[in-house]
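Trainee: Each chain, written out:
There are 2 protein chains.
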Amino acid sequence: MVKRISHKNSSCGVARPLDAIGDGWTLLIVRDAFDGLRRFGEFQKSLGLAKNILAARLRNLIAHGIMDAVPASDGSPYQEYVLTKKGRGLFPLLVAIRQWGEDFFFEPDEAHVLLVDRMRGLPVQKLELRSQDGRVLGPEDTVVHPVREPTASEEK
Amino acid sequence: MVKRISHKNSSCGVARPLDAIGDGWTLLIVRDAFDGLRRFGEFQKSLGLAKNILAARLRNLIAHGIMDAVPASDGSPYQEYVLTKKGRGLFPLLVAIRQWGEDFFFEPDEAHVLLVDRMRGLPVQKLELRSQDGRVLGPEDTVVHPVREPTASEEK
DNA sequence: GTAAGTGGTTTTAATTTGAAACCATACGCG
DNA sequence: CGCGTATGGTTTCAAATTAAAACCACTTAC
Numbered sequence: 180m181v182k183r184i185s186h187k188n189s190s191c192g193v194a195r196p197l198d199a200i201g202d203g204w205t206l207l208i209v210r211d212a213f214d215g216l217r218r219f220g221e222f223q224k225s226l227g228l229a230k231n232i233l234a235a236r237l238r239n240l241i242a243h244g245i246m247d248a249v250p251a252s253d254g255s256p257y258q259e260y261v262l263t264k265k266g267r268g269l270f271p272l273l274v275a276i277r278q279w280g281e282d283f284f285f286e287p288d289e290a291h292v293l294l295v296d297r298m299r300g301l302p303v304q305k306l307e308l309r310s311q312d313g314r315v316l317g318p319e320d321t322v323v324h325p326v327r328e329p330t331a332s333e334e335k
Numbered sequence: 180m181v182k183r184i185s186h187k188n189s190s191c192g193v194a195r196p197l198d199a200i201g202d203g204w205t206l207l208i209v210r211d212a213f214d215g216l217r218r219f220g221e222f223q224k225s226l227g228l229a230k231n232i233l234a235a236r237l238r239n240l241i242a243h244g245i246m247d248a249v250p251a252s253d254g255s256p257y258q259e260y261v262l263t264k265k266g267r268g269l270f271p272l273l274v275a276i277r278q279w280g281e282d283f284f285f286e287p288d289e290a291h292v293l294l295v296d297r298m299r300g301l302p303v304q305k306l307e308l309r310s311q312d313g314r315v316l317g318p319e320d321t322v323v324h325p326v327r328e329p330t331a332s333e334e335k
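Chains A and B, in that order, are what the protein sequence lines are. In this note's numbering, each number is its position in the first sequence, counted from 1, plus 179. In this note's numbering, each number is its position in the second sequence, counted from 1, plus 179.
It cannot be assumed that every hint is accurate.
[As the list claims (entries may be wrong)] Listed next, the stretches of chain B that the computed footprint assigns to chain A, with coverage defined by at least 3 CB atoms under 8 Å from CB atoms of chain A:
#1 193–200
#2 294–301
[Claimed, not checked] Okay, derived cross-link-like pairs now, DSS-like style, lysine-lysine, Cα gap no bigger than 27 Å in a straight line:
#3 A:Lys264 with A:Lys305
#4 B:Lys305 with A:Lys305
#5 B:Lys265 with A:Lys305
#6 B:Lys305 with A:Lys265
#7 B:Lys305 with A:Lys264
#8 A:Lys305 with B:Lys264
Honestly, the hints are just simulated from the structure, not real lab data. Source: prediction; values computed, not measured. The beta carbon of each residue, even a glycine, is placed where N, CA and C say it ideally should be.
Whole structure, please, built from the sequences with the hints as guidance.
Mentor: Next comes the structure, spelled out in structure tokens:
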């Protein structure tokens with residue numbers, strides 16, 4: 180049922196997350212959840228996807244600990260789907276997608292939406308990767324480094 | 180051929196990018212491209228996916244302007260696949276995926292890799308969304324705002 | 001010239017997707 | 001109560017996608 184990218188590389192730090200969210204619909208569901216949608220029908224109406232697909236995606240999101248089904252909230256006998264902490268952790272990722280979309284998927288004069296700071300009403304800053312000492316880092320300035328967390332069993 | 184999320188929402192700033200990269204393999208290919216891979220065979224060996232699928236994904240990436248096929252570089256009669264500017268714009272998104280993965284997909288004592296600043300060898304900062312005046316913004320601090328770019332045809 | 005390596009395409013089966021139909025429960029209300 | 005409607009799914013089935021494997025073309029090595 181759960182998609183599995185069966186390969187040695189599946190634990191590379193990018194593949195494993197993609198196994199959970201690497202699907203056309205999943206991140207749109209998460210996005211709607213950030214926008215406050217909670218009910219099955221709300222997601223379905225907002226996204227216009229088939230109900231069986233939505234049910235499958237929600238099951239998958241729950242199985243991955245990204246969303247949770249909670250009993251009610253307005254007294255109705257149904258469930259609501261809410262983001263977990265792990266799910267809320269996707270916020271920077273969604274912002275990155277949106278900013279990339281803003282930059283490359285709209286003609287300069289095409290109507291689109293912009294993410295703004297609610298408090299001031301001004302556009303947010305562009306996401307930037309920075310070093311500990313504050314330099315902005317590009318792809319060529321970074322490298323992946325294997326790490327073993329220093330646990331208590333550090334003695335040999 | 181090209182996947183299309185046919186829905187009114189397809190222009191929402193998130194759905195449109197996902198239409199280009201919302202696929203399990205595509206971002207892994209892009210990631211490998213950031214790591215310097217260029218040749219068909221390199222991608223195939225690194226990812227272990229079927230050749231027809233890789234060919235289809237590369238075609239799609241090229242069609243979306245994310246990668247480009249350039250004639251050669253080492254004299255061999257084949258092509259190389261390189262990221263365009265648009266493709267390099269995916270760097271923050273890949274970092275966001277990786278950081279989310281680091282935070283939620285590995286046990287504390289599980290071996291994994293960390294993204295480090297090449298110059299200092301120190302881990303990079305966590306990606307944060309900030310307002311123009313530097314406050315860190317969470318999901319509840321932002322709102323999408325429709326925008327029409329002020330073009331020259333602004334006079335009525 | 002023949003074998004092996006690279007970069008694909010074609011073929012075919014298995015899996016996934018999606019639309020529509022169906023079903024079950026709850027509610028509104030005359 | 002009895003009936004229509006809304007919600008939240010599951011089931012069914014056809015169509016599209018994916019994936020493995022076979023095949024093919026071209027080039028280089030020997």
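Trainee: Tell me if chain A covers the region 294–301 of chain B under the three-residue, 8 Å CB rule, please?
Mentor: holds (count 8)
Trainee: Would the hint linking Lys305 (chain B) and Lys265 (chain A) be met if the CA-CA limit is 27 Å?
Mentor: 15 Å, holds
Trainee: Verify the proposed pairing of Lys264 (chain A) with Lys305 (chain A), using a straight-line Cα cut of 27 Å.
Mentor: With Cα atoms ~24 Å apart, Lys264 (chain A) and Lys305 (chain A) stay inside 27 Å; holds.
Trainee: Are Lys305 (chain B) and Lys305 (chain A) close enough, with their CA atoms no more than 27 Å apart?
Mentor: Between Lys305 (chain B) and Lys305 (chain A) the Cα gap is close to 14 Å, so the pair holds against 27 Å.
Trainee: Holds or violated: Lys305 (chain B) with Lys264 (chain A), Cα cutoff 27 Å?
Mentor: Distance of about 16 Å is within 27 Å: holds.
Trainee: Within 27 Å, alpha carbon to alpha carbon, are Lys305 (chain A) and Lys264 (chain B)?
Mentor: 16 Å, holds
Trainee: Would the pair Lys265 (chain B) and Lys305 (chain A) pass a check requiring their Cα atoms to be no farther apart than 27 Å?
Mentor: 15 Å, holds
Trainee: Holds or violated: the region 193–200 of chain B covered by chain A, criterion of 3 or more residues with Cβ-Cβ distance under 8 Å?
Mentor: As far as the region 193–200 of chain B goes, the hint holds, because 7 residues have Cβ atoms under 8 Å from chain A.
The structure agrees with every numbered hint stated previously.
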